[in-house]
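If you want the building blocks of each chain, they are given just below.
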Amino acid sequence: MSILVSRASRVLVQGLTGREGSFHTEQMKSYGTNVVAGVSPGKGGTTQLGVPIYDTVVDARRDTRADVSGIFVPAPFAADAIMEAAAAGIGLIVCITEGIPLYDMVRARAFVEDAGVRLIGPNCPGIVTADEAKVGIIPNHINRAGSVGIVSRSGTLTYEVIQGLSQAGVGQTTSVGIGGDPILGLSFKEVLALFKADGATRAVILIGEIGGSDEEAAAEEVLGPGFGKPVIGFISGRTAPPGKRMGHAGAIISGNMGTATSKVQALQRAGAQVCDTIEEVVAAAGAALGQPSSAAHR
Amino acid sequence: MKFLEYQVKERFKAAGIPVPDGRLARTPDEAALAAGALGPVAVKAQVPVGGRGKAGGIKLARTPMDAKRAAGEILGMTIKGYPVREVWCETAQEITHELYLGLTLDRDARKPVLILSAQGGMEIEEVAEHHPEAIAKLHPDPWRGPLPFEVRDLIFRAGLGPLQAQLGPLIIKLYALARTYDALTLEVNPLALTRDGGLVAADGKLEIDENAMFRHKDLHGADESDEDPIEAEAKRRKLTYVRLDGSIGVIGNGAGLVMNTLDLVQREGGRAANFLDIGGGAKAEVVHSALELLASDPQVKGILINIFGGITRGDEVAHGIIDAARELNLKLPLVVRMTGTREEEGRRLLQEAGITPEASATAAARKVVELAATGQR
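Line order of the protein sequences matches chains G and P. For the first sequence, my numbering gives the first residue as 808, with consecutive numbering after it. For the second sequence, my numbering gives the first residue as 544, with consecutive numbering after it.
Just so you know, these hints were derived from the structure itself, not from any lab. Warning: the hint list may mix true and false statements.
Said to hold, decoys possible - Quick list of in silico lysine-lysine cross-link-like pairs, BS3-like style, CA-CA up to 27 Å:
(1) G/K850 with G/K836
(2) G/K996 with P/K654
(3) G/K836 with P/K826
Start from the sequences, fold in the hints, and give me the full structure.
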């Protein structure tokens, strides 16, 4: 068991023939992901990396029954690619692209909501279910199968946590990078609800950062006594000066919501254990699973 | 990209949103000429930040001589780091009431939001905090925009029913303008009710989504280069850089990881000199450019590069570091932590060039703080 993607997922890559698309498709395939098709308008009928390329998502889906799409399309065209996938009946869309105009995303987000489709991202590292399938750019070799679920707003910090856990002998079910943009598909709440329902996930790690109020909303609406699994939290940007922009359009402190303190307190109120460093997160996850391995304290 | 008040008002005027008559002046004499043509004027500093009124950047002038004197005082002022190079002289308004009208993106609702209040003016943030009931909001459908009946509802909820005939069309024009310019923020504050019963945009703010600049290549906004030469240079190099007050230069990939690196430096007893995110998929040239920028900062006593490659490749980053260190003849302590995609190639390249990568981010933070303190290489 796992969430969102598995060995059974039939993955389509939009923008497969581009620089990033082809590099990461190769990585996804070598991880064992069942990549069944690529879409690059104008290149239909060709083959790349042994994968058939189609002009449209509809064509690709008709021939291959793809049910998940990973998007590596350049920013000016990415929102359209998201909507093309949703309209074609893809059930889960993972958009890696960074820098999509926010009005484009606002429209695409409303479109996928109306279509009843799940969107992860944009500007995210994607999803990996350890030893089964990967859609996105999370490095292959750091993952290890086990029973911790990870959900994170940061890309690179997610890798940091996965690697730390794996080195300490603590494996993962699924790791989900939801992205750092202001306008996102799934947020912490929805992913946490999936982990709650997943029998194989025995503990969950939430990696948040300053800005927005998704961490607070998740703490209030999903976590708490009813969640039934240990939750370990981590918030980056604690020493960031208030009012300074830190790169992500999202990481802007506004009012009292969105500060590191507000997020830490909301998570603690909901019963989560909030850690100060990634090393502590790793040790806490090991302890929560009853495997306080010495490796966690290397 | 941000715009100055007069640049926003030009766009309001073109969109049919009423604004006072005004003229731009770069010298006191030009301000006197403007007042000669317009009558009593408000002389207003043109800077891309709020709070200029409190800083003395707005003065009323009855006569051309007054306007000349006021402009003489305001031009050359520095407001929140921005030197005042221009003043906007506009017809003084007889304002009886100040409203607030704005549009921004509501990240929690994942939609644009129109905001209207009968209690506009400088204290709007306090109003929002203490009297949230005085602020009316509308989340228009992003595909069709606000419909006239939705806008009327917004106006009545704000307690501005008597103005609906004027205000309704104005709000729809404002939304259209925001969409045309991919505005992250478009604000009229105050939206002034004048003695003759008209509505006029007495001030305006516009900030365009940087991600959408490819659609607006012909636009020129405010010169946002302030007096910090390193921040100005970072903007020219298109690097995501924020100046901080410590001595450890930090470069990393991904906002979350860089923020965490700042936190780690602080835990190890140091303080970061900056936030610098090279983003995803950075090429060697970007790394080179980032390193060159930090090396030019006299405040920096040591540099920490923290890379966890996903879409970013270790070998690309290593090439950038090695080339820059060689070319700049870098004398500062340089500590690198690199892992992730193509880490073996990256680490091998670094080692061949005599740079030993650290095993973890914590270890790297500890080492750079130590080296910077002792001035060792």
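Verification of the hints:
1. G/K850 with G/K836: Judged against 27 Å, a Cα distance of about 20 Å means the pair holds.
2. G/K996 with P/K654: 18 Å, holds
3. G/K836 with P/K826: Holds, at about 24 Å.
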